Each structure stands twice: as structure tokens, then as C-alpha cells.
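Each protein sequence line maps, in turn, to chains A and B.
According to my numbering, numbering within the first sequence proceeds without interruption in unit steps and concludes at 293.
According to my numbering, numbering within the second sequence proceeds without interruption in unit steps and concludes at 293.
Simulated from the structure, these hints should not be mistaken for lab results.
Check before you lean on any hint, since a few could be wrong.
25 Å max Cα-Cα, derived DSS-like pairs, lysine-lysine [to be verified]: (1) A:257 / A:40; (2) B:235 / A:235; (3) B:279 / B:291; (4) B:274 / B:257; (5) A:290 / A:257; (6) A:257 / A:291; (7) B:290 / B:279; (8) A:290 / A:68; (9) A:224 / B:257; (10) A:218 / A:279; (11) B:282 / B:235; (12) A:235 / A:274; (13) A:274 / A:257; (14) B:224 / A:218; (15) A:290 / A:218; (16) B:257 / A:218; (17) A:276 / A:68; (18) B:290 / A:257; (19) A:257 / B:279; (20) B:224 / B:235; (21) A:224 / B:290; (22) B:218 / A:218; (23) B:290 / B:40; (24) A:40 / A:100; (25) A:224 / B:291; (26) B:224 / A:257; (27) A:218 / A:40; (28) B:257 / B:68; (29) B:40 / B:282; (30) A:224 / A:68.
Here the structure is a predicted model, which is why all the values come from computation and not from measurement.
Protein chains: 2
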Amino acid sequence: MIMAAKTSSCESSGKCSGGAKGQLDKVPLDAKHKIIVMSGKGGVGKSTVAVNLAVSLADKGYSVGLLDADMHGPSVPKLLGLPNLPLRVNEKGDIVPAFVPPNLKVTSVAFLLRDRDSPVVWRGPLKMGAIRQFLEEVEWGHLDYLIVDLPPGTGDEPLSIAQLIPSPDGALIVTTPQDVALLSVRKSINFARMVGLEVLGLVENMSGFKCPECGKEIAIFGNGAAKQAAAELGVPLIGSLPLSMAISKSGDDGRPFVRQDTDGVKEKFEKMAKDLVIRLEKKQR
Amino acid sequence: MIMAAKTSSCESSGKCSGGAKGQLDKVPLDAKHKIIVMSGKGGVGKSTVAVNLAVSLADKGYSVGLLDADMHGPSVPKLLGLPNLPLRVNEKGDIVPAFVPPNLKVTSVAFLLRDRDSPVVWRGPLKMGAIRQFLEEVEWGHLDYLIVDLPPGTGDEPLSIAQLIPSPDGALIVTTPQDVALLSVRKSINFARMVGLEVLGLVENMSGFKCPECGKEIAIFGNGAAKQAAAELGVPLIGSLPLSMAISKSGDDGRPFVRQDTDGVKEKFEKMAKDLVIRLEKKQR
Numbered sequence: 009m010i011m012a013a014k015t016s017s018c019e020s021s022g023k024c025s026g027g028a029k030g031q032l033d034k035v036p037l038d039a040k041h042k043i044i045v046m047s048g049k050g051g052v053g054k055s056t057v058a059v060n061l062a063v064s065l066a067d068k069g070y071s072v073g074l075l076d077a078d079m080h081g082p083s084v085p086k087l088l089g090l091p092n093l094p095l096r097v098n099e100k101g102d103i104v105p106a107f108v109p110p111n112l113k114v115t116s117v118a119f120l121l122r123d124r125d126s127p128v129v130w131r132g133p134l135k136m137g138a139i140r141q142f143l144e145e146v147e148w149g150h151l152d153y154l155i156v157d158l159p160p161g162t163g164d165e166p167l168s169i170a171q172l173i174p175s176p177d178g179a180l181i182v183t184t185p186q187d188v189a190l191l192s193v194r195k196s197i198n199f200a201r202m203v204g205l206e207v208l209g210l211v212e213n214m215s216g217f218k219c220p221e222c223g224k225e226i227a228i229f230g231n232g233a234a235k236q237a238a239a240e241l242g243v244p245l246i247g248s249l250p251l252s253m254a255i256s257k258s259g260d261d262g263r264p265f266v267r268q269d270t271d272g273v274k275e276k277f278e279k280m281a282k283d284l285v286i287r288l289e290k291k292q293r
Numbered sequence: 009m010i011m012a013a014k015t016s017s018c019e020s021s022g023k024c025s026g027g028a029k030g031q032l033d034k035v036p037l038d039a040k041h042k043i044i045v046m047s048g049k050g051g052v053g054k055s056t057v058a059v060n061l062a063v064s065l066a067d068k069g070y071s072v073g074l075l076d077a078d079m080h081g082p083s084v085p086k087l088l089g090l091p092n093l094p095l096r097v098n099e100k101g102d103i104v105p106a107f108v109p110p111n112l113k114v115t116s117v118a119f120l121l122r123d124r125d126s127p128v129v130w131r132g133p134l135k136m137g138a139i140r141q142f143l144e145e146v147e148w149g150h151l152d153y154l155i156v157d158l159p160p161g162t163g164d165e166p167l168s169i170a171q172l173i174p175s176p177d178g179a180l181i182v183t184t185p186q187d188v189a190l191l192s193v194r195k196s197i198n199f200a201r202m203v204g205l206e207v208l209g210l211v212e213n214m215s216g217f218k219c220p221e222c223g224k225e226i227a228i229f230g231n232g233a234a235k236q237a238a239a240e241l242g243v244p245l246i247g248s249l250p251l252s253m254a255i256s257k258s259g260d261d262g263r264p265f266v267r268q269d270t271d272g273v274k275e276k277f278e279k280m281a282k283d284l285v286i287r288l289e290k291k292q293r
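Just chain A, same shape as in the assembly (with noise of 0.2 Å):
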């Protein structure tokens, strides 16, 4: 059910391209491979995944863009552990992004807050300018990944970087195994095959929780549901985390757990970073 008025926010923006069509133009990018993150549901761990993949990716010596889209809720300079500080521009006026050593650059608009306490009372079409700022306007160079961390749903954001973004690779969709999440991840999956994006595959989050007391693996969530739905709608499940208090405490600190020692948390996830790497490199040719 695509109701969506394309034409409208594109109007409303003033930047249509072939207004009868109300086609956008595509934002010109030297990114090799775009991954979009994404999640019908929130709170399942997105922003966790793509601020990770990106500094795996990034510590791996790739060149890597993380576009934080979440114009709400921006959690990704706080996981980075980057202060609020705004972003410079540079001789060109182009934005200058944040930078993690030795290979990352962020934007989110948490850079482009008075204070971390400010919200965003955006409606949509100016949603929509911010990301295409966001994409065109940032002195992002050549880049061998960019990964764009959405809001949860299927609203105006995912939209508007499925139609701005030049053949992106793919979606990665994240949940939980709760019942209750994999009604939205369904939604998520048929988005993406409305708006022409390839599932690249479901990563599960918060799976199992090890009890550091007594050591049993206890199913809070529940168990074996997103492998179910994944088979069920033909996308591959292509890594699965636990519940961790190491992630959790790692996201306060601002320190990406990829470059800790979690309990195994990191190997799992350094192998999901790498079949994937190996797949779209594979794809490309």
C-alpha cells in the first residue's frame, strides 16, 4: 500500500527533478557500497549494528561514511562517544564531518543541536532537506562503505534515502525475536521490496541472555522466531546477538564493542561483518 506522496514533499522541498513524474534526483556519491540499516521497530539494537559494522569496517582499512538519518532520536555520536560539538565547513561550504581515526566519517544531526536535550519538531519535507544536506553537502571523498543508520518505520526517511541514494547494495533489517517485532520486520521486508531495496539479510539482536550470576542462557525474548520469519520470507538471518550487558554498557560508554573484549560478542559480529564484506565485494563484479 504505497500512499505515499512522493510528489508533494518533493514540491515542497523545491528540488523535484522530473516534477510530473515526481521522480528525485539521485544524490551524486563516490561510495562504493551503501548499506542501509534499518528496523520496523525501535529500540531493537539499529543504531547498535550499523555504529559497529562501521567501525569494524573502518578497522579493517576500508574508508567508511556513517549517516546517522535518525533525525529524532540520534543516538550514533553518543555511541561513537563524539562530543556535540557543531561540524565545521569548509573553504567550499561544504560540511565537514566528524571524524573517528583511523578511517570514519559522521554526520547525525545530533551535531546540529543547540544541546543534547533539544528535540527535532520536523515534519517531513524539511526531514527530507536535512538528509539531502546530509548526502550532498558533506565533504564525505571517496568512500569504500556508507552506511546509513534510519529511523525506525516505514515513514518519510526511509523513503526519501531509498529515493535519494544513487543504487544502494542493500538492507540490513534489525530485531528482536519478540513476536511483537517480527510483525514490524515483516513491514520492514515488504518496504523494502516496494521501494526496489535488496534485503541483504535480518540480524537478530538481544537473542539470548547469558546470566553472569549462575551462567545460564536464559531466552528473555523468546527464541528460534526471526529464524522462522526469515526462512519464512525468504531473506537470509545473517548474524545473531545476545542480550549483553557488555553491549549495553559499551553504547553508554561510547565505546564500540567491536574494539573490546565482549565475550565473544565481537567474533560473532567481526564474522557477519566479513561474509557480508565478502558478498558485496563478489556482487560488484
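We have chain A already, so just place chain B on it with the hints.
Frame of chain A, contents of chain B only:
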């Protein structure tokens, strides 16, 4: 498809009343109290709080309406175990809400979808129209309480609701103890203040986990941060709920936990609901 959307045409034509200021007509609504449940971040249990509050009040004999305003991830029907059947229209052309005995009326965009896997790909004005329709073209009758379950964030829907609902009592803001979630809570509180919505209080969810194997309390998402944020921001912390397999399962099963024996959670929640009712009834006088 019931989506006639009076407002959307008004919005897109720019001929809304008070257009320039972005003010909207208030919707006439026969509801004594209106409570808006919101969160800055998804996945914190906002819908769980909204559903259990609505059921708890209805079971006490109040006549209650529950409006699921989450267009992209409508989970209220699932949490209540309601089937995704289309809503009936009465002889006057008004939508007849779903009914949960003894006293609860429910509307949700989930009831409008062809199947549970369809995403809603609507931009702001269309969503606004749907929300207005859910407020004014639904056979709510007289309500003691209208509970509105907002989608996470500070975008179109919260803005619309705040603009459309006549004299709401205020907002409950749901969070988890994580720093990352509290970052969004601050935004929500400031957002509520910006639109003139009283913050009734914070509800902290997932505030501790009791291991079912060894019985030890584990602070998976940290500890004490919500209390500190509430004090800093000058809003009351009105309740804390644990991370619990019983709560998670109650959602997946569609059986609200206030109707089950859930290891003390029910009692905790009922106390919070009772305190809230006393406060709101006092305010009324």
C-alpha cells in the same frame, strides 16, 4: 479503505484554519481525561504501558478509549490479542472501534491494513489525516479516559496529536535506564513543554532483571539513571517496571499482564495507575 482524510487535503492545499501559524482545529471529543503515552526512543515498552494502563482502568469500571497512533508499527492489537479485522462503519458513517470487554474501545491503523505484513508508507499529511479521522470519526461515545499510544520520537504524529486533542491532561513518558534512552527522554520532555503538554511523569521500564534460574537481580541496562534524569528535569518518576519474561510473553500472547499473575509486576503497575487516577481526578475538581 476508510482513508477519506479531511485534514490531508486541507494540509496539502495549505488552507487549514490558522494555516500560517500551523495551528489546527481542535477535535471535539467527549473524554473526561486524555493521557498521552510517549517515548523519545522506540522499543522501551511504550505500547505495553499504554495497553496495560487502558486495560487496568477499564477493568476498574471506567469507560476507556485506546488510540494506537503509531502508523508504522501499530502493535496495540497484537498486545491485546485482537484479530486484524477491518473495523465496521455504523449507519452515521462513523468507524466502530474494536471492543475489549468490559469497557475498552480500541482503534489502530493495524485494522486498516490488508494483512499483518503490509507496511504503511505514508508521509506526514496523510498520517495527520488518519489521526484526525481516528479522533473525530470514531464512535467513541462518552469516555472517562482516552489513552493515546504515540509512535516514538518528536515528529509528525506527536505534533499532530498535541495540536488536535482538546486540553489533554498530559503525557506519560516511558524510558529504560540506559543512557541512550534517557538522552531521548530529555528530548521528549522538552518537546512536551514546547507544545504545552504537561509531563505527568516518567515510567521506567526494564529497570532490572530477576534471573529465573538463580533468582539474582541483574541490572542489564544499568541502574538509577531514570531517577537521576527525573530529578534533574523536574518531573516525577511515577513507576519502575522490571525487564521480565512474563511481560514479554504477555505481549507476544496478547494477554495484558495486568490480567495475569506476573510476579509482583501487576501490583506495581496497578499502584501506579491508581496514583495517577487520584492525581487526575483531583486536578479536575
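Hint check:
no.	hint	result
1	A:257 / A:40	violated, 33 Å
2	B:235 / A:235	violated, 38 Å
3	B:279 / B:291	holds, 18 Å
4	B:274 / B:257	holds, 14 Å
5	A:290 / A:257	violated, 35 Å
6	A:257 / A:291	violated, 36 Å
7	B:290 / B:279	holds, 17 Å
8	A:290 / A:68	holds, 18 Å
9	A:224 / B:257	holds, 19 Å
10	A:218 / A:279	holds, 21 Å
11	B:282 / B:235	holds, 20 Å
12	A:235 / A:274	holds, 21 Å
13	A:274 / A:257	holds, 14 Å
14	B:224 / A:218	holds, 13 Å
15	A:290 / A:218	violated, 36 Å
16	B:257 / A:218	holds, 19 Å
17	A:276 / A:68	holds, 16 Å
18	B:290 / A:257	violated, 41 Å
19	A:257 / B:279	violated, 31 Å
20	B:224 / B:235	holds, 22 Å
21	A:224 / B:290	violated, 48 Å
22	B:218 / A:218	holds, 12 Å
23	B:290 / B:40	holds, 13 Å
24	A:40 / A:100	holds, 24 Å
25	A:224 / B:291	violated, 49 Å
26	B:224 / A:257	holds, 19 Å
27	A:218 / A:40	violated, 38 Å
28	B:257 / B:68	holds, 24 Å
29	B:40 / B:282	holds, 16 Å
30	A:224 / A:68	violated, 34 Å
The structure fails to meet hints 1, 2, 5, 6, 15, 18, 19, 21, 25, 27, 30 from the earlier list, while all remaining hints are met.
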